[in-house]
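*Asks:* Protein chains in written order, with the working numbering: chain V, 4 to 387; chain F, 87 to 483.
The set of hints was computed from the structure by calculation and includes no laboratory data.
One or more hints might be untrue.
What the hints assert, rightly or not - Residues from chain F that face chain V, not an exhaustive set, calculated with beta carbons under 8 Å:
#1 Leu134
#2 Phe231
#3 Leu461
#4 Leu469
#5 Leu470
As the list claims (entries may be wrong) - Here are the computed lysine to any residue pairs in the SDA-like style, where the Cα-Cα straight-line distance is at most 25 Å:
#6 F:Lys205 <-> V:Lys104
#7 V:Lys249 <-> F:Asn444
#8 F:Lys205 <-> V:Leu49
#9 V:Lys249 <-> F:Leu136
#10 F:Lys138 <-> V:Asn235
#11 F:Lys296 <-> F:Pro306
#12 V:Lys104 <-> F:Ala235
We treat Cβ as the ideally placed atom computed from N, Cα and C, and that holds for glycine.
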Amino acid sequence: MTDAASPAPLSPSRAFVRSVLAPPQPPPASTVGAGAWVRTNLFGSLSDGVLTLLGLAAALLVARAVIDFAVLRAVWQGDSGEVCRIEGAGACWPYVTAFWKQFLFGRYPAEERWRAWLTFAAFFGLLAPLMIPRVPFKRANALLFFVGLPIFAYVMLCGGSFGLVEVETTMWGGLLVTMVVAVTGIVCSLPIGILLALGRRSQMPVVRMLSIVFIEFWRGVPMITVLFMAANMLPLFMPEGVDVDKLLRALVGVAIFTAAYLAETIRGGLAAIPKGQYEGAMALGLGYWRMMGLIIMPQALKLVIPGIVNSFISLFKDTTLVLIVSIFDLLGMIQGSRNDPIWSSPTTGATGYLVAAVIFWCFCFGMSRYSQWMERRLATGHKR
Amino acid sequence: MQTTREGRSGRPAIPWHRDPWVRGLVYQALTLIVVVVLGWYFVHNTALNLEKRTVAHGFSFLSTTAGFDISQTPIDYPKDASYGRALMVGLANTALVAVISIVVATIVGFLVGIGRLSKNFVVSRLCTAYVETLRNIPVLLQIFFWYFAVLGVMPLPRNSLQPIPGWVYVNNRGLYLPEFHFGGATGWAIAVGFLSGLLGAIILAFWAKKRQIATGRQFPTTVVGLALIVGLPVLAFALTGFDLTLVAPKKGTFNVTGGTEIIASAMALTLALALYTAAFIAEVVRGGILAVAHGQTEAARSLGLSPNQTLRLVVVPQAMRVIVPPLTNQYLNLTKNSSLAVGIGYPDLVSVGGIVLNQSGQAIEVIAIWMAIYLSISVGTSLLMNAWDRANAIVER
Numbered sequence: 004m005t006d007a008a009s010p011a012p013l014s015p016s017r018a019f020v021r022s023v024l025a026p027p028q029p030p031p032a033s034t035v036g037a038g039a040w041v042r043t044n045l046f047g048s049l050s051d052g053v054l055t056l057l058g059l060a061a062a063l064l065v066a067r068a069v070i071d072f073a074v075l076r077a078v079w080q081g082d083s084g085e086v087c088r089i090e091g092a093g094a095c096w097p098y099v100t101a102f103w104k105q106f107l108f109g110r111y112p113a114e115e116r117w118r119a120w121l122t123f124a125a126f127f128g129l130l131a132p133l134m135i136p137r138v139p140f141k142r143a144n145a146l147l148f149f150v151g152l153p154i155f156a157y158v159m160l161c162g163g164s165f166g167l168v169e170v171e172t173t174m175w176g177g178l179l180v181t182m183v184v185a186v187t188g189i190v191c192s193l194p195i196g197i198l199l200a201l202g203r204r205s206q207m208p209v210v211r212m213l214s215i216v217f218i219e220f221w222r223g224v225p226m227i228t229v230l231f232m233a234a235n236m237l238p239l240f241m242p243e244g245v246d247v248d249k250l251l252r253a254l255v256g257v258a259i260f261t262a263a264y265l266a267e268t269i270r271g272g273l274a275a276i277p278k279g280q281y282e283g284a285m286a287l288g289l290g291y292w293r294m295m296g297l298i299i300m301p302q303a304l305k306l307v308i309p310g311i312v313n314s315f316i317s318l319f320k321d322t323t324l325v326l327i328v329s330i331f332d333l334l335g336m337i338q339g340s341r342n343d344p345i346w347s348s349p350t351t352g353a354t355g356y357l358v359a360a361v362i363f364w365c366f367c368f369g370m371s372r373y374s375q376w377m378e379r380r381l382a383t384g385h386k387r
Numbered sequence: 087m088q089t090t091r092e093g094r095s096g097r098p099a100i101p102w103h104r105d106p107w108v109r110g111l112v113y114q115a116l117t118l119i120v121v122v123v124l125g126w127y128f129v130h131n132t133a134l135n136l137e138k139r140t141v142a143h144g145f146s147f148l149s150t151t152a153g154f155d156i157s158q159t160p161i162d163y164p165k166d167a168s169y170g171r172a173l174m175v176g177l178a179n180t181a182l183v184a185v186i187s188i189v190v191a192t193i194v195g196f197l198v199g200i201g202r203l204s205k206n207f208v209v210s211r212l213c214t215a216y217v218e219t220l221r222n223i224p225v226l227l228q229i230f231f232w233y234f235a236v237l238g239v240m241p242l243p244r245n246s247l248q249p250i251p252g253w254v255y256v257n258n259r260g261l262y263l264p265e266f267h268f269g270g271a272t273g274w275a276i277a278v279g280f281l282s283g284l285l286g287a288i289i290l291a292f293w294a295k296k297r298q299i300a301t302g303r304q305f306p307t308t309v310v311g312l313a314l315i316v317g318l319p320v321l322a323f324a325l326t327g328f329d330l331t332l333v334a335p336k337k338g339t340f341n342v343t344g345g346t347e348i349i350a351s352a353m354a355l356t357l358a359l360a361l362y363t364a365a366f367i368a369e370v371v372r373g374g375i376l377a378v379a380h381g382q383t384e385a386a387r388s389l390g391l392s393p394n395q396t397l398r399l400v401v402v403p404q405a406m407r408v409i410v411p412p413l414t415n416q417y418l419n420l421t422k423n424s425s426l427a428v429g430i431g432y433p434d435l436v437s438v439g440g441i442v443l444n445q446s447g448q449a450i451e452v453i454a455i456w457m458a459i460y461l462s463i464s465v466g467t468s469l470l471m472n473a474w475d476r477a478n479a480i481v482e483r
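Here chain V stands alone, though its shape is the one from the complex (with noise of 0.2 Å):
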């Protein structure tokens, strides 16, 4: 037992004594290799096999329906409903053909609609070297994304001016109305939502109080009532002839809604920064909006990033409702089209809802895998 530890010198009574490391063993076959595998991890049990095999035919089933509906049985040629009319037909994609410009401007007028191409081009152009955090001149391309490019996309889109035809916020649908109420929506709501955190947590009781019951408020009730209150009262509220564009009443209920959400969002971030930040800006003799602006406000608003982003995901989904109070969006055109009585077919809706369905998935999944990369990489071991 004891020459176990201490490394005496080998006696001659010991017949042997291993001095080098016998080699690895490899080990068991079981344990290895696909077949390992999938006993492991598809077949562990006996509820863990059936689970597995119920969980195939569930993945096969949606799959082979999707596959079913959107390839085998569809319909890819033809000039109007009649032909997806037929007895089992799938998914009505001539529909699509006829109809993608609208899914995207809705009745924008045909020669202006290189006005929303340019509109989105620039969004997009203006989008990617933010998101992308190696890209230099963030300052800069933050303020025309957030100043320069509502300026110019309401020159661009409304017109009557340099030169531009105008055009109606009535004509306006599809995509386009989608992404002018998510980005509006988000562009104004974010500093409201900013004042409201400041306020929710300031030690004035009254603005203490305000902003409470203003973030509670609209966060307590459907955004659908408020889009009705939006249509319905806003003219109400307005002096006599001041006419409230129906798109801008929209506009102005999903920002009050949205920065209700994102004052609690940024309260998180807000309660998340330590008192000695607070105690060091103002040990410097910064007084309170150079404290908030130059020390609080940009960390905080780094930690919640991810918390806007998901913000901007519901606002993003949520935008649908506009349709409700008669304003087209993407699904309101699908809507509007999918009874057209030309286009009309058992599967015409069920093929414009997998479109939107897509696209919505799309964006709104894009978005939610940015904010988890973000997330990762500013958790940068600060975390209390």
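Given the coordinates of chain V, work out where chain F should sit on it, guided by the hints.
*Replies:* Just chain F now, with coordinates in the frame of chain V:
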């Protein structure tokens, strides 16, 4: 704050216009003035506008006869019912769809959330796919999909599908199930049996816990409790002589009559809301389970608890503390999302209110009623939640 107060009384260190206390007062007064002026401006304009439109205001319209039909009336809605009654029916419909969706969403959500953590590769991937697909598609689109693309293309009533021939019918108007008719006092007896079983199970659970704390002896609470909850109603049913008749729906040329009807919009709304919210609940559940430190499981196992006991006595109670607050949030979201019923004409509070709004022109009043109802649901839930939080906070010793 402290130092400046001293400065105010003693040293003339800070001029009054730099005193944070004075400044605070001024800022608050300014804010209040801005808010009041803005509010007055809106109210003033509204009053002027309303005067011009000569719309009567106030809530007296609630007693006017509504005169429109509602496709689903869980509470009585006679022909000459008032707007107020119509709104009550709407609220009942909202509650109905919200409660059923919450139950379904919770079951699906917990299964998917736990499934995502499964060691089984197929199961976890499937659950991930479910979550990532459903939560990234707008819920209104999902409601439309179920209503227009799935239920809307079901056959006409005369060609109704019959999953169970003669008993269950599906057509583009909805789902028709046989109706349970309990004869005489059977229905009451079963209800009483169920309630007393529930009460008994709760009392039993308290007693068993008390005895276990005092003596260490365990009692099979779950099995006996379930037996009580199921057994007593069955016993009541048996004692009253199995007095049950099933009334099958009858298929006519234009409609299916009799039986229990579940209208298509209710089905679409419930399915869409439940499946959509389940994706979020799954994430909440997964987060909650992951939040329980692994050491807890290891400690429980090393104390000799079985995997089942570890889950039931150690992991779940701690996970629930993390899960419940966001879970209630999801329930609230679901309830608020049920207002999307207006998109497919399911007669919920907002749909019915919309009709009332259009017919009576009382926009402000109707919107105020909506807001008040949804706000009281939200505020009530958060008060309950805060109470729960306090009761279940970790007791630090």
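*Asks:* Going straight from one Cα to the other, do F:Lys296 and F:Pro306 come out at no more than 25 Å?
*Replies:* holds, 14 Å
*Asks:* Tell me if the interface restraint on F:Leu469 is satisfied: Cβ within less than 8 Å of some Cβ in chain V.
*Replies:* Check failed: Cβ of F:Leu469 comes no nearer than 12 Å to chain V, outside 8 Å.
*Asks:* Holds or violated: the hint that F:Leu470 contacts chain V, with Cβ atoms closer than 8 Å.
*Replies:* violated, 14 Å
*Asks:* Are the Cα positions of V:Lys249 and F:Leu136 separated by 25 Å at most?
*Replies:* Distance ~20 Å between V:Lys249 and F:Leu136 Cα, so the pair holds.
*Asks:* Would the hint linking V:Lys249 and F:Asn444 be met if the CA-CA limit is 25 Å?
*Replies:* It holds: about 17 Å lies between the C-alpha atoms, which stays within 25 Å.
*Asks:* Is it true that the CA of F:Lys205 sits at most 25 Å from the CA of V:Lys104?
*Replies:* violated, 46 Å
*Asks:* Is the straight-line distance between the alpha-carbon of V:Lys104 and that of F:Ala235 25 Å or less?
*Replies:* Measuring from Cα to Cα gives roughly 22 Å; hence the hint holds.
*Asks:* Close enough to count: is the Cβ of F:Leu461 nearer than 8 Å to one in chain V?
*Replies:* holds, 4 Å
*Asks:* Would the hint on F:Leu134 be counted as holding, given a Cβ-Cβ threshold of 8 Å to chain V?
*Replies:* holds, 7 Å
*Asks:* Does F:Phe231 pass the interface check with chain V, least Cβ-Cβ distance below 8 Å?
*Replies:* Result: holds, 5 Å to nearest chain V Cβ.
*Asks:* Does V:Leu49 lie within 25 Å of F:Lys205 when you go C-alpha to C-alpha?
*Replies:* holds, 14 Å
*Asks:* Compare the distance between the alpha carbons of F:Lys138 and V:Asn235 with 25 Å, and conclude whether the hinted pair is satisfied.
*Replies:* Roughly 16 Å between the alpha carbons, so the hint for F:Lys138 and V:Asn235 holds.
Going through the hint list in order, the structure does not satisfy hints 4, 5 and 6.
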